[in-house]
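Respectively, the protein sequence lines represent chains A and B.
Just so it is clear: in the first sequence, position 35 is 35 by the working numbering, and no numbers are missing.
Just so it is clear: in the second sequence, position 162 is 162 by the working numbering, and no numbers are missing.
No lab work stands behind these hints, which were simulated from the structure alone.
Hints should not be assumed to be uniformly reliable.
Distance windows between CB atoms, simulated [stated by the list, open to error]:
id, chain 1, residue 1, chain 2, residue 2, range
1, B, Gln-44, A, Gly-122, 48 to 54 Å
2, B, Pro-133, A, Tyr-192, 39 to 45 Å
3, A, Arg-60, B, Glu-323, 42 to 48 Å
4, A, Gly-170, B, Pro-218, 36 to 42 Å
When the alpha-carbon atoms are kept at most 25 Å apart in a straight line, the in silico SDA-like pairs for lysine to any residue are as follows [as the list claims (entries may be wrong)]:
id, chain 1, residue 1, chain 2, residue 2
5, B, Lys-13, A, Ala-48
6, A, Lys-168, B, Leu-82
7, A, Lys-49, B, Glu-14
8, B, Lys-39, A, Gly-88
9, A, Lys-91, B, Glu-323
10, A, Lys-49, B, Met-38
11, A, Lys-91, B, Ala-238
12, B, Lys-183, A, Ala-48
13, A, Lys-168, B, Gly-124
14, A, Lys-91, B, Arg-122
15, B, Lys-13, B, Lys-57
16, A, Lys-49, B, Thr-11
17, B, Lys-277, B, Glu-323
18, B, Lys-39, A, Lys-168
19, A, Lys-91, B, Lys-183
20, A, Lys-146, A, Glu-124
21, B, Lys-10, B, Asn-179
22, A, Lys-49, B, Ala-21
23, B, Lys-39, A, Gly-53
24, B, Lys-10, A, Glu-124
25, A, Lys-91, B, Glu-43
26, B, Lys-225, B, Val-174
27, A, Lys-91, B, Leu-206
A short, non-exhaustive set of chain B residues, derived as facing chain A with CB atoms under 7 Å [stated by the list, open to error]:
id, residue
28, Ser-99
29, Asp-249
30, Gln-251
Cβ coordinates follow ideal geometry from the N, Cα and C atoms, glycine included.
Given next are the chains, with one letter for each unit.
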Amino acid sequence: MNHDHTPEADGSAADGSRRTFVKQAGGLLGLALAPPLTGFAERFAAPAKTLAGPTDLTLRVNGTARTLRAEPRVTLLDALRENLDLTGSKKGCDHGQCGACTVLVDGRRVNACLTLAVMAQGKEITTVEGLAQGDHLHPMQEAFIKHDGFQCGYCTPGQIVSAVACVKEGHATSDDQCREWMSGNLCRCGAYPNILAAVREVAQKGGAQG
Amino acid sequence: MNNFTYTALKTAKEATGARKAEPAAAFIAGGTNLLDLMKSNLEQHPQLLDVNQLPLKGIEMTSDGLRIGALERMSDVGEHPLVVQQYPAVSQSLLLSASPQLRNMASIGGNILQRTRCGYFRDGAFPCNKREPGSGCPAQTGDNRNLAILGGSPACIATNASDLAVALAALDAVVLLENSKGKQRRVALVDFHVLPGKSPQVETVLEADEIITAVLLPAAAHARKSHYLKVRDRASYAFALVSAAVGLDVQGGQIKAARVALGGVGTKPWRVPAVEKLLVGQPATEATFRRAAAAAVQGAHPYEHNRFKMELAQSTIVRALLELPA
Chain A
1 MNHDHTPEAD GSAADGSRRT FVKQAGGLLG LALAPPLTGF AERFAAPAKT
51 LAGPTDLTLR VNGTARTLRA EPRVTLLDAL RENLDLTGSK KGCDHGQCGA
101 CTVLVDGRRV NACLTLAVMA QGKEITTVEG LAQGDHLHPM QEAFIKHDGF
151 QCGYCTPGQI VSAVACVKEG HATSDDQCRE WMSGNLCRCG AYPNILAAVR
201 EVAQKGGAQG
Chain B
1 MNNFTYTALK TAKEATGARK AEPAAAFIAG GTNLLDLMKS NLEQHPQLLD
51 VNQLPLKGIE MTSDGLRIGA LERMSDVGEH PLVVQQYPAV SQSLLLSASP
101 QLRNMASIGG NILQRTRCGY FRDGAFPCNK REPGSGCPAQ TGDNRNLAIL
151 GGSPACIATN ASDLAVALAA LDAVVLLENS KGKQRRVALV DFHVLPGKSP
201 QVETVLEADE IITAVLLPAA AHARKSHYLK VRDRASYAFA LVSAAVGLDV
251 QGGQIKAARV ALGGVGTKPW RVPAVEKLLV GQPATEATFR RAAAAAVQGA
301 HPYEHNRFKM ELAQSTIVRA LLELPA
């Protein structure tokens, strides 16, 4: 796991890159949380704020506003896992190659490992933890169980989140199309035939609510 | 990944001004290429300038052709009806790139600026003239299977990795740039990337205080009948070994206009005018395609592991032309 987002990890505090340090205040945060009294034009005319070092961030995850303190270099994946204890999204390659970290941002599937947490503010983030309604599993989760769409399970949260988006996008209307549009999620166990069966079944049943 | 400061800008003037003040800063849009490289310490920037709030979106037909804002995402452009109908090769090049997740994130401007997938460039343990000018190019005598046979130099044979840029090169796309003084200029896509020569660290004509604002695609019959074929080691989610973007205007069985560009073989998106010349005026037959495609690798310099690209480049052009709708 990558814990290099602590300020001490690379000694960068002394590299001069903080000369433009503006304590918290936060351009994006200020924008997202500006009180209603602040006029629209006033907010948009404000000069850009530079964030440096640990900053208070607010992320809207699975319908709930969550706050954390993190440096600008902290990815959405690390923020979810390390700061918000949402460990469903997995860190596989950490380079956007495996899809284990797939989450929905404003309804679109993205790689959380290549998304900066600071840039995900003001957006609606859905992780695998946000798919079930209490004990009532999402149809895609049910289908993965029914079709045994996993072996070790490490890629599964990413597969399921990606599959929910794939069906919603209308990209699971044939086996070949589904394979192509699920190709951003790798499974080293090779559970692909069962994953395909699960996604196709949900698609054929008229899709799953996102 | 080194620590950095983060600034979200709202206008091109602000963003380019900030870059002028700190030339080591990087613009971030989708971040898919930048953060990947920064995590491997292959790029280090003291400041990231978030350009996502700049008003550089929109896909619209203008008197110049189709105008695609630089901040449009690959997925949105690839599935846009105007792109699908008027510029199928562009749509296909986008939808055959990367993964659905990455396409949802990556911007058009960033795609054109993406850096090479050369294994030596991407492994900090090796010398690389792109990363450290003058340090050497192990690819010349090393594993060069994925590298260029066209446009290389003793300093660098890294291929340009963009599928989109190949389609844009074929279809005469123009890149719109704006600098910190608000001055705009237009550069043909084929002139936007530069050959490595002795300074492979310089990859484009983009100035330090310039930003890509849009891409223009002229309307044309050969654009409406265009196609992108990507040949790779696996069926999906891989970079091209060789790819071809082709477009033909055929009237009464005769080729009136032709556009051909190659990916995966050149150090930049590789337009092949010699092939186009041999197609124009000829009957649109497989024999014509084969004869013309032979010109694609004139002057090519294959290396130990990539000789197969000499033949594959020609076959890819022929098959792409054969796959064009009648």
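Hints versus structure:
no.	hint	verdict
1	B/Gln-44 - A/Gly-122: 48 to 54 Å	violated, 28 Å
2	B/Pro-133 - A/Tyr-192: 39 to 45 Å	holds, 44 Å
3	A/Arg-60 - B/Glu-323: 42 to 48 Å	holds, 45 Å
4	A/Gly-170 - B/Pro-218: 36 to 42 Å	violated, 31 Å
5	B/Lys-13 - A/Ala-48	holds, 12 Å
6	A/Lys-168 - B/Leu-82	holds, 22 Å
7	A/Lys-49 - B/Glu-14	holds, 12 Å
8	B/Lys-39 - A/Gly-88	holds, 22 Å
9	A/Lys-91 - B/Glu-323	violated, 40 Å
10	A/Lys-49 - B/Met-38	holds, 23 Å
11	A/Lys-91 - B/Ala-238	holds, 21 Å
12	B/Lys-183 - A/Ala-48	holds, 22 Å
13	A/Lys-168 - B/Gly-124	violated, 40 Å
14	A/Lys-91 - B/Arg-122	holds, 20 Å
15	B/Lys-13 - B/Lys-57	holds, 16 Å
16	A/Lys-49 - B/Thr-11	holds, 14 Å
17	B/Lys-277 - B/Glu-323	holds, 20 Å
18	B/Lys-39 - A/Lys-168	violated, 32 Å
19	A/Lys-91 - B/Lys-183	violated, 43 Å
20	A/Lys-146 - A/Glu-124	violated, 29 Å
21	B/Lys-10 - B/Asn-179	holds, 15 Å
22	A/Lys-49 - B/Ala-21	holds, 15 Å
23	B/Lys-39 - A/Gly-53	holds, 17 Å
24	B/Lys-10 - A/Glu-124	holds, 21 Å
25	A/Lys-91 - B/Glu-43	holds, 22 Å
26	B/Lys-225 - B/Val-174	holds, 19 Å
27	A/Lys-91 - B/Leu-206	violated, 35 Å
28	Ser-99	holds, 3 Å
29	Asp-249	violated, 30 Å
30	Gln-251	violated, 34 Å
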